[in-house]
Every structure is written in structure tokens, then in C-alpha cells.
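All chains, please: the whole structure from these sequences, using the hints.
Counting from 2, one number per residue, gives the positions in the sequence shown under my numbering.
Hints may contain errors.
Using C-beta positions, here's what the derived DEER-type ranges look like [as the list claims (entries may be wrong)]: (1) 20 x 213: 27 to 35 Å; (2) 60 x 194: 35 to 43 Å; (3) 2 x 35: 16 to 24 Å; (4) 218 x 179: 30 to 38 Å; (5) 131 x 234: 27 to 35 Å.
For the record, the hints were derived by calculation from the structure and aren't laboratory data.
Don't be surprised by glycine CBs; every beta carbon is placed ideally from N, CA and C.
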Amino acid sequence: LHGAMPPHSSVLVANSTLRATVGGSQYVPTTAGHAGIRYGPALVLDGVRLLSTRFVMTRSSLACGGGSCAAMLVEHGLGVYLSSVFYMDNCVVISRTHVMYALASDLRVGGGSVFSIQNSSCIAPSVNIYEGACAFKDVAVDGGSVLQIVSSTFRLGFAMLTADTLTVTGGSWLVHRNNEFRAAYVVYVVKGNGVAFRDQSVWSIIDNKLTYGSYSSYDAYMTSNWSPPSDSSPIIYGMCNEARGSPVTNYQEE
2 LHGAMPPHSS VLVANSTLRA TVGGSQYVPT TAGHAGIRYG PALVLDGVRL LSTRFVMTRS
62 SLACGGGSCA AMLVEHGLGV YLSSVFYMDN CVVISRTHVM YALASDLRVG GGSVFSIQNS
122 SCIAPSVNIY EGACAFKDVA VDGGSVLQIV SSTFRLGFAM LTADTLTVTG GSWLVHRNNE
182 FRAAYVVYVV KGNGVAFRDQ SVWSIIDNKL TYGSYSSYDA YMTSNWSPPS DSSPIIYGMC
242 NEARGSPVTN YQEE
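Here it is, written out as C-alpha cells:
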């Protein structure tokens, strides 16, 4: 997919199987600094903008193999705006390194939109740092929008979500509910002061199970260590979560 989708349109991928290998798929990205690298994605989202648009992938499987493998490759940013929805529902994704990998690109969800991975199974058992499910440059959720991971299973290496910065503003929600994560981190933010929750925005963490992934046999945390900016006050709702076989009681530590 390329560029902005027509307003009020729908994109449906259903009952489909998408497969690719590095040897068989010779996609050459156009992002500066990456043009000489050949990737083997099953699906490419190139500068995709959803504007009052529904993108739904359901009852489908994506698979790729090889060292530069991302089942979904994002270039030139992924934007979900104006009450749009991006749903990956009841899908299976198998990849060697990433489920969704963005080349120097941001994920932005705004204007009352929803980005959701739900009822799905994602496997990306890399042992390398920063590799796992979804990797973006910056992640921003604003304007009463929702970024949610619900009722899914992740068997990963390093992290479920990796980003340089994570900003949730305008009464928006980051939701992790009823998932099983096998990873060193669920959310890993590279910059130590790169997390900001503002304007009564919420991180909801309910009924998740977290244990070790393939990257580490002793690290299994909801997030990396970070210090919120002075004007940012995170609201965290945490309940019925388990980490490394024990109930989570201290959300500052976990």
C-alpha cells in the first residue's frame, strides 16, 4: 500500500496468506540510508495515511524468513487520523526478526483513531537487541485516540514495541489487556526521557502475563527505565498482571 487512502474508504485483507523470503522478495526501500538493503516483507506500507479510513486485516497469516525480515515493512511513516481504524484481528504473524519494522519512520495515531492488534499470535524469536514485534522511530498517540494490544500472544526476543520516544496526549489511551508476552520488554523506549503522558492520558495494563523471551533468560519487564518530563504525569491503571511467575505489585519497578 502506498500513500494516503481515499477519505471514508475501507481496506480489507481477509482469509489471506502472505509469504515472503529475502531470497524470493527483492523489495528495495527508498528511505534514505536504506536503499542498498534488500528486505523480504510480506506487506509494505509506504507512506500510508488513513484519513477517516478503515484498514482491517483479519483471519490472515503473514510469514517471512531471512536476516533482514519484517513481515510488515513501514516506510515514510504510518499515520492513522480522523477517526480511522487500523485493526489486525485474529491473525498469525511469523517472522525471524520483526512483525512490523519502520525504516526511520513514525507511528502517529490521532483525531479519535484506533490502532489495534487483537486476538492475534505474533512470533519473532530474534536474539538481537531492538528486534521483536513493532519497531518505530517515534510513536505518538493524541486527540483522544487509542493504541491497544488486546487478547494476543507474542513470542519474541527483545521487545513487543521499540521506539525512540513514546508520547500519549490529549486524553488518549495506551492499552495492554489480556495478553501473553514472552519478551525482555513489552515497551522499550530508547531515550531515557522519551516517554510523556499528558492531558489526563492513560496507560492501562490489565490481565497480562509476562515471561522471558529468546533475547534474555532473566529480563521480563513491562517497560524500560525512563524518567517522565517535568510537565508529564502518567496515569497508570494496573491490575491482575503477572511477571516472571509472580503477581505485579509495584508498577514503578515492573
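* Find the hints from earlier in the document that the structure breaks and name them by number, from lowest to highest. => 4
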